[in-house]
Amino acid sequence: MSDNLLEAIGVSKSFPGVKALSNVNLQLGRGEIHGLMGENGAGKSTLIKAITGVYPRDNGQILLDGVEIHPTSPLDAEALGISTVFQEVNLLNNLSVAENLAIGRQPTKKTGTLDWKKMNEDARRILQKFEIDIDVTELLGNYSIAIQQMVAIARALELDSKLLILDEPTSSLNLDEVEKLFKQMRRLKEEGHSIIFVTHFLDQVFEITDKITVLRNGEYVGLFNTADMTKMDLVSKLMGKEIDELHEFEKLSKEQKHKEHQEVLLETEKLGKNGYMAPIDIDIAKGDIVGLGGLLGSGRTEIAKMLFGLVHTDNGGLKIKGIHSKIRSPKQALMNQLALCPEDRKEESIIPDLSVKENIILALQVKQGWFKPLSAKKKEEIAQKYIDLLNIKTPSSEQAIKNLSGGNQQKVIVARWLATNPNVLIVDEPTRGIDVGAKTEIQKLLLKLSGEGMGVLFISSEIEEVVRCSNKVYILQDRKVVNELHDDQINEQQIMHAIAAKGDS
Amino acid sequence: MDKTKKPLPSIVWPLAALGLILLFNLIFTDGFFSITIKNGHLFGSLIDILKRCSPTMIMAVAMTYVIATSGIDISIGSILAISGSVAALLVWGGNTSYLSAGADVQPAALFFIIVVPLLVSMVLGAFNGLMVSVVGLQPFIATLILMVAGRGMAQLLTGGKVLNFSHKGFEFVGRGYLLGIPFPFIIAVLVIALAALLTKLTPMGLYIQAVGGNKTASHYSGINTRMVIFLVYIFSGFCAGIAGLILTSDITGADAGFMGLYMELDAILAVVIGGTAMSGGKYNLKGTIVGVLIIQSLTTTILTRGVPPEYTLLVKAVVVLAVLIIQSKRTSDFIEKTTAKVSKAGAA
Ligand SMILES: Nc1ncnc2c1ncn2[C@@H]1O[C@H](COP(=O)(O)OP(=O)(O)OP(=O)(O)O)[C@@H](O)[C@H]1O
Ligand SMILES: [Mg+2]
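Line by line, the protein sequences are chains A and B. Reading the first sequence from the start, the letters are residues 1 to 505 in my numbering. Reading the second sequence from the start, the letters are residues 1001 to 1348 in my numbering.
Here are the simulated BS3-like cross-link-like pairs (lysine-lysine), alpha carbons at most 30 Å apart as the crow flies: (1) 385/A / 1215/B; (2) 372/A / 1200/B; (3) 1286/B / 372/A; (4) 1215/B / 346/A; (5) 1200/B / 385/A; (6) 439/A / 1215/B; (7) 319/A / 331/A; (8) 367/A / 1282/B; (9) 372/A / 1282/B; (10) 1215/B / 379/A; (11) 1200/B / 346/A; (12) 1282/B / 393/A; (13) 331/A / 1200/B; (14) 1215/B / 378/A.
Derived list of chain B stretches under chain A, where covered just means 3 residues or more per stretch with a C-beta under 8 Å from a C-beta of chain A: (15) 1201-1210; (16) 1219-1227.
Since the hints were made in silico from the structure, they are not lab data. C-beta: ideal position from N, C-alpha, C; glycine also.
Okay, chain A solo, but in the shape it has when bound:
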């Protein structure tokens, strides 16, 4: 038996106009948790897809237990002992949670019919490991992305494969859930399984992995022992240059935070909806970056949806620049100079077959109206502007967005809403799946825009990010705004404390 469980040697893969992988290596030991790292578009997901047979590789060898393998589909790979959670979770939203967990290994009764009772019991037992207590007969699509992601992970873990591959499994999870996942990963490791783990969170890599393989621009940079590396080492390996960006950033954000009294752009008066969100009173002034803090399901996304006319409120109202306004649809929100970059990339944002350009200009075109079509030249200008500004990695603006890497798709969506040039920009998890460097860039950009007078409502499950950018934070619990923190009060401990505090009323 060879020393390594999995070995990739000189693997290459091209797509039209893109060399996604060239000569990439990977060595994965037994009982090892291996971080696969790289910037957006570096080729991580492509390598995983080549290993699991989603795409055939152009060149190179992939050895499992020293034997070359040629899986032709993920199912085929599962049979070889490789189970995978892909970046774009491919579960079926129109089936129940239990059905999703049972796909491919449904329990049957003696008569050969499906044993529903056992299936639902199994599902509850599987999710119990992650302390998830939900109705497993409910459709998967009705749950949050975090739950969907956990279900996908639980499903893959349950297959008990010798190799588990997790492509950005933690992008929508909060700290608690990440800990639960890590507990399971450590258990698997102890049992001798190996895991490939992709993430853009440096803390997580250093907490859980033993070794790290770094890719850059589709090329192999190297294999490293996690213990021998510092965060700065890793960041410079990822970006291919020495940087002191993080420190630079600290300064920038602190300077910008102190602002005098400014015109209020958006203000709610007891805005709420029965059974959805308790009446809220929040305001966003010119130059504000207002953060929302709270646990999963505390009502952050709900506020965004109410403001943007996606949900019809039945209580109170809102004022735009001091004028009472009714917002009953996203179109009206747009016309009132609002923008919402939504939380769920796949469901709520990307139009897969349309080009990067069309995806970027979509909301702007809607705002312009039916009779003012953007000229071809204008469209190209805008697309190029954001491709450069956000450093979107794509062979051209004509590329279908579905062919971009996950993080680059996210940048396109951010661009779509920036392009509408709103007065108030609501961003719901804008940096999900975005690499360290680009994340800093986007945060800087938001600070710059707010400096120019835009109001921003910033929703993120990364408290660190909220702390860095916001000058005001509303704390949410159980779909209620329970507290409000200002400038100097904003730090991680305070926010954590406020989120966990028991209401005193």
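Dock chain B with the ligands against chain A, hints included.
Just chain B with the ligands, lined up with the frame of chain A:
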């Protein structure tokens, strides 16, 4: 190895299929390509194909947009019949007892003979649109209602009879020639131009593809998705109405029971052959046009070769199937995988 692969444009396969059919005729059918001029009109098999494909072409153009919104409209055959029946009725001045001897017939003005059927067709299209966008029925079911009920309505209109007529002005629509070119084909070209203008000069084309690709995301982006879907079905009704006028005028009569029967299937086939996915999203109007030409030249070929008509459908089915198989994603994946393996084996 630094080169990256170039994909073939999707129009290549339908064009190749059309080329093959024409090539077959070039070799085996005498005079297939000859075009003569009689009384200032062009004649020949090719001209015949262009004329005959026009009604399907017009409906397939609209069907392309319907399918791109991830919908389908199977009621167009029946709408066509209603449009034709209304036109025939108007030619008879609305006098259904036309067969009673000596009835005094006063045809409606040509303007109304043309416009009223089109308005009726658009109303029917609007009904489909409402059912799909507001009521939220599955497009197949929603348009199935009119497919069935519509034909019944057409038969009621004509009193269950074949409504023959003669009307110099109206006959021009289906039988006339302009600059030597069959008038129906000119109408088809105009419809294509209209569609292209509407989708290119307004954001409609973008919205249709956005709605078909991801309706939720389109809604979040501010698109009035209901309106887009609604308009697309109205356009589909409108096009079916035009096709109805052409066919009725061409045969100088309305046969409510059989006019346009199964034509929705030809339209759908043309769209799919043309490379627009039934799941919606990106559409390919040029592909649809080639698709219609494939279907019609195939039919004409079969007829001119003297193949017994019983085989027509069978041969058609086989060719269509072949085109679809070549185009399918699975086939292209298969080709990619095998070539990858072969080149790997070659390198080893
Ligand atoms: N199906 C495809 N067609 C064309 N290009 C593709 C396709 N899949 C990936 N690519 C390209 O290959 C490159 C690598 O993409 P990949 O998804 O592997 O990146 P990644 O490292 O996973 O990035 P991220 O962190 O954003 O998920 C990107 O430039 C992407 O645009
Ligand atoms: Mg990826």
